[in-house]
Structure formats: structure tokens, C-alpha cells
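Asker: Turn these sequences into a full structure, and let the hints guide you.
Chains as they are written, first to last, in the working numbering: chain A, 489 to 1010; chain B, 318 to 460.
Calculated from the structure, these hints are not laboratory results. The beta carbon of each residue, even a glycine, is placed where N, CA and C say it ideally should be. Incorrect hints may appear among the rest.
For the chain A half of the interface with chain B, some residues (derived, Cβ under 10 Å), not all of them [to be verified]:
(1) Glu680
(2) Ala684
(3) Pro854
(4) Tyr886
(5) Pro888
(6) Leu911
(7) Ile916
(8) Arg920
(9) Thr921
(10) Ala924
(11) Pro971
Take a look at the letters that make up each chain.
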Amino acid sequence: MDFRRDQGLGTRNLIKRLLIANRGEIAVRIIRACREAGIESVAAYSDADERAVHVLAADRAVHLGPAPATDSYLSVRKIIEAARTSGADAIHPGYGFLSENPALAGACAQAGLTFVGPPADVIAKMGSKIGARRLMERAGVPVVPGVTPSDQSDAGIVSAIESVGLPALVKPSSGGGGKGMRAIRALDEAWEAVAAARREALASFGDGTLYVERLVQRPRHVEIQIFADAEGHAVHLFERECSVQRRHQKIIEESPSVAVTPALRARMGEAAVAAARAAGYRNAGTVEFLLEGTGDDAGFYFLEMNTRLQVEHPVTEAVAGVDIVRAQLDVAGGASLPWTQETLVQRGHAIEARVYAEDPANDFLPQAGQILLYREPSGPGVRVDSGITGGSEVTVHYDPLLAKVVAFAESRDAAIARAAAALREYPILGIRTNVAFLGAILAHPSFRAGEISTAFVDERIDELVGADGIPPEVEAAARAYRPRDTTAVDVPTPGPFGHARPEGRAYSAPPDPWTALTGWGR
Amino acid sequence: MGPVMAGDPNVTEISPGEMLLDRDGRRTRVFVAVDGDVRWVFVDGRTYRFEEVRGGGSKRFEGVRRGSGAHGGSLSAPMPATVLRIQTSPGAVVKKGETLLVLEAMKMELPLRAPQDGTIAAVHCSEGQLVQPGVSLVEFTEQ
Chain A
489 MDFRRDQGLG
499 TRNLIKRLLI
509 ANRGEIAVRI
519 IRACREAGIE
529 SVAAYSDADE
539 RAVHVLAADR
549 AVHLGPAPAT
559 DSYLSVRKII
569 EAARTSGADA
579 IHPGYGFLSE
589 NPALAGACAQ
599 AGLTFVGPPA
609 DVIAKMGSKI
619 GARRLMERAG
629 VPVVPGVTPS
639 DQSDAGIVSA
649 IESVGLPALV
659 KPSSGGGGKG
669 MRAIRALDEA
679 WEAVAAARRE
689 ALASFGDGTL
699 YVERLVQRPR
709 HVEIQIFADA
719 EGHAVHLFER
729 ECSVQRRHQK
739 IIEESPSVAV
749 TPALRARMGE
759 AAVAAARAAG
769 YRNAGTVEFL
779 LEGTGDDAGF
789 YFLEMNTRLQ
799 VEHPVTEAVA
809 GVDIVRAQLD
819 VAGGASLPWT
829 QETLVQRGHA
839 IEARVYAEDP
849 ANDFLPQAGQ
859 ILLYREPSGP
869 GVRVDSGITG
879 GSEVTVHYDP
889 LLAKVVAFAE
899 SRDAAIARAA
909 AALREYPILG
919 IRTNVAFLGA
929 ILAHPSFRAG
939 EISTAFVDER
949 IDELVGADGI
959 PPEVEAAARA
969 YRPRDTTAVD
979 VPTPGPFGHA
989 RPEGRAYSAP
999 PDPWTALTGW
1009 GR
Chain B
318 MGPVMAGDPN
328 VTEISPGEML
338 LDRDGRRTRV
348 FVAVDGDVRW
358 VFVDGRTYRF
368 EEVRGGGSKR
378 FEGVRRGSGA
388 HGGSLSAPMP
398 ATVLRIQTSP
408 GAVVKKGETL
418 LVLEAMKMEL
428 PLRAPQDGTI
438 AAVHCSEGQL
448 VQPGVSLVEF
458 TEQ
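Answerer: Right, here's the structure in full:
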């Protein structure tokens, strides 16, 4: 007897056991959806993630291999093998890793596994920026001015940069997320930038093909969430404004966008649905646009199509009142779209802030180490999707995204205030993070006024990463604090909380997190 | 609940690592974690890192950020990383800003650049090597 039949949604869902080919917060997010859908979840993990949050959260867990992603989360062979040994009948790729690699979707089809995403040929088509651009042009979707160099040598790319004109953008033809992308403002930087972009493209996506386009200056980055099923239904779930970014890595996302009017939203939504139809799309996807100007007459250009679940999907879930991951599982399992365009309504305002293990004061260098103390904020309209907890090791092997704080409220001002208040109650100790930097963005008058573009962070970096003085009470607290384990004599009488045992290693004077990392020593 | 902080009756620990600071009746929640000589403190959305100075018994805020800058004529990795490429050799005369090494961590390339004009005295790493932060990779003589 299939107990999922009693749960309304997903009555036609054929998925019984789902392997999640990912880690961190997104794996945890997908495991939650599995719980609700009555699907058994299988976590996949590398040596570095044996005790990671996503592994402990899943119903089952399969070991993939060594810590480097190429030997674990990026290995199609190992992922398919893990699905076989765990008896999974479907694979959700999450975002990053193999999510936009047609090889995984193709291998799933061959192995008779359901891939939660579009078919391999659609991923391949949209994964090539050159091919996607041509397809969009034919479908009547506006595109960014650019060239597609057929000569892929360094010299060929540099001459393409010259013909497109400066400033130009060089990016990997496969993949996304800002990896390997380089803005070129002067020709003498071009050679080094092209070589670096190609190496990063190879390292991240296993494909060094580069694409050159004109850099539209001070645009907004506005994307449309789309969703399509196997029966030919396709809808959009409104926009997400993702202009607050640094080096093409998104930091804050929100919906609705202050720059988008109802008429513009309708035009962009129609273009996104046209793009989905032209691509033969299935499941959840995102059409990214560059927006020039604001209001009814603003221009927008197709940037790329992300053929996967997006990091910032919770923003859409909040304003549209939907569960995108659940819908992904249902549609992949054979159900038709749970919504029509007419039933979808955008309501209130949602803001997501991405918490990274990085040091804003030190050029945003990624950080590694052990989380010594961790406490998540909560409250009405506050959602935290995270992949860490107290005692977790943040390693250098993977993306430094730790968590996402999503605030939902009736207005933009209220959502900003809610997100800011949540961040003020989010201690993550033992490693440097960008939490204070996120707070500085949310507090900035220009952000509050909605005056944002993709240049917002770069143009105000000194204001956002100011040197902080140390309030005297902070220093006093640091000096006064006596860890109970190590200096028990200093603790007079145990209070009502005096018998609580410290968790993890926070109170037993652990070794320096740098030296605690094994395998690095020399 | 009684105060558990030595020396400050206005600080009350309410759970491991979590304290209430009372200043004239206005309370602030403070989180502290200890890691050897390092103390991490979180107050109102900001994180502070203190390092204990040995001998004096007092704690100071880490004023100088550990970066990819020069420390006494040597360059080191800002974090655990893999040496991707070495673009210099002992005896090389380099210009300020010139890339000497390219490190890789978290799938990102991190160039180590010459902090000023100078000469390379020694290179203490090889390509493909995993390196620790703070360990000298390149010795550098200013001009």
C-alpha cells in the first residue's frame, strides 16, 4: 500500500528512493522534500563529509570516494554506482557539481534511473552558451551583444575581445555560478585573464571552451523561474532580483524586483516561457536576464538558462507560496504541473542572504576550519537553509556557501528589517564568515532605496567592509569568559544551567583548526 | 542564576558559550567560543576574533589581518591550498604586483603577488604541493 496516496500532491509519483548527488544545504533541503513526499532519501558523501549534516539527515547514506570533488561528487560513474548499490530509482543533482552536466542525465536515462531535471539533450543545448544564444535569437528572445569565437586558442579569444570591444566578459561555455568568469577592461590584462578563465573552466566543468560577450555596464541581474512538465505545460513563477553580487557570485536575492513593473514582468515572463518552450524544457529552470533601466520600457537581454534548481529558489517559494523542490520530485515522477499561470500569484516580499565561509576584510578569501559554536535564528517569516552545525568541519574542497537566511514579510522594508534582525542573531564561531558584511549591505541606504545594480558591491566595497572598532563590552566578554571544562575552579556555584555539558570540542581547548586538518601537513 | 564570569558581575552565562551582558539594565546577548589561544566573540551580528598574548595575560584584538601580504620578507598562503603554478625562481627580479605563485583552494585560483619591487631569495614549495597558511612559500628581498 502506497501511503503517499493519502498526501494529496504526488499521487502519481513513481520515485520511491532518491539519491541526492550533492552535499551541504541543498542536500538537506532535498531530503526535507523527500520526507514530506514519502520518498526515501539517500545521501552521497566523500571522505571529507562522513559526518556532515546532510549525511546524518538522510534515511540512507552511500560513500562516493576521496574528498576532491572530481573523485566523488563530480564523478558520474561513482554517482550512478551509488544509486545502484543503494537501490535508488532516481537522482536529484541539486545545483553545481553534475547538475548541468548532460553526462549525468544521460547516464541516468541509460541506467533506467529518473533524473530530477530536464533531459540530457536540453541540458547540453542550454549548457553551451553559444548554442543557447542562437536558440534564443531564433525564438525571438533578446540577447546580449557578443561574438562566439570559433578560434578557441588564447589568441583567438583575445582577438574576439578586441572585436566585441571593451569592457568585455570572458566566461566558460559550460557551467555557471561565476566560476572562471573574467571581466576585461584593458587589453593588457586579457592574456592572463583568458588563461586563468580557461584553467578554472577546465577545473570546474571539465571543459575549457570560452565565450566572449560585451559587458553591459551597471545592469541589473533579474531572472525568471520557469517550470515545465512532460505534457507540454510551461509556466513562470515571477522574477528574482539578484543584482547584489561580487565577482558574479550572488550575495543577496529578492522577489519582487523594485525595477520590475507589472507590464515588464509580463513581458519577461512571456520571454522566459518562450525560452523554455524553444528548449523543450522540463522540470524547474531559470532564465537569467540582464535588465537595462527600470519600468515598463526597460530593456532585457537573455543571459543564460540554468537547467537546474537554483540556490535562491526559496525566495520564489516564499512569494509564490509553492514548494519548488516538491514539485520537481512530483513532475520528475510523472505528475503534471501542480499550477497553471492563472493560479500563480506573487505576494509580499522575500529576501535571501547567502552566508559564505569567507573573510570580507581579506579580499573575501574562502575560509576553512571547525565550527565551534552555531546557533540559527528563527521566528515568523525567517527560514534558514543550512548544511552545517556545531562541530562541523568546513573544508577547502567545496564551495564556501554555508547557509541561506531567507526573510519573508508583507513589504520590502519589512523583509529587509527581518533579514537584518535574523543575521544579528546568527552566531557562527570558529571560522570567519560574511555575516557582518551581509548586515552592512542590508543597512546601506542605497540598498534600502532599491538603487542596486551588479556594480553595487564593487562600488561601495570600502563602506561595506569598514574596519570595526571593538566595543569595550565585547573585549570585556572575551577577557572574562572562562570555559567550564578547562578552568572549572573559576566557576563558583553551578547555576541552573551549570550542569549542562558542553557540546563538541568547543570547551576542551581543541587544536588550532588549521593544524586539525589532516593531510595538509608537511 | 549566579554570575559565572570572573571579574565582571554584569556578565551571566545562560548556556554554554552564550551570555547576557548587563549594562545599566540594558541586556546584550554575547556568544563566545574558545579555540586554544583564540577567542571568538559574536555580538549583534558581528564576529570578533581575539588572540591571547602570551606573558601579559591580557587579550588583544588581532589587529593585523593575516593575508597574502609580506611577513618579514616571506609570502605565505592565506589558507590551506594547493600550489597550482610557480611563476618565479630564486634570484628573479620582480616588480610590485607581479604574480609569483598561483594557489588553488575551493575551486578558485588565488594569485600570490609581489608586495613591492624586489628579488626572490628562495622558493619553499613545489607545484601540486598542499600548503598550510602562515608557512613561508617564497622568500623575498626588497629593493
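Asker: Evaluate each hint against the coordinates.
Answerer: Each hint tested on the structure:
A distance limit of 10 Å between C-beta atoms decides the matter here; for A/Glu680 the minimum to chain B is near 8 Å, and the interface restraint holds. Contact between A/Ala684 and chain B, as hinted, is supported at the beta carbon level, the nearest pair being about 6 Å apart and thus within 10 Å. Interface restraint check: A/Pro854 against chain B, minimum CB-CB distance 4 Å, threshold 10 Å, status holds. The beta carbon of A/Tyr886 is positioned within 10 Å of a beta carbon in chain B (closest approach about 7 Å), and the interface hint is therefore held.
Residue-level restraint check for A/Pro888 holds (minimum Cβ-Cβ distance to chain B is 6 Å; threshold 10 Å). For the restraint placing A/Leu911 at the interface with chain B, the shortest Cβ-Cβ distance is roughly 5 Å, inside the 10 Å limit, so the hint holds. A hinted interface residue such as A/Ile916 counts as satisfied when its beta carbon comes closer than 10 Å to some beta carbon of chain B; here the least separation is about 7 Å, so the hint holds. Look at A/Arg920: its Cβ gets to within about 7 Å of chain B, closer than 10 Å, so that hint holds up.
Evaluation of the A/Thr921 hint against chain B yields a held restraint, the C-beta minimum of about 7 Å falling below 10 Å. Hint on A/Ala924 holds. Least Cβ distance to chain B is approximately 5 Å, under the 10 Å limit. Interface restraint check: A/Pro971 against chain B, minimum CB-CB distance 5 Å, threshold 10 Å, status holds.
Violated hints: none; the structure is consistent with every hint.
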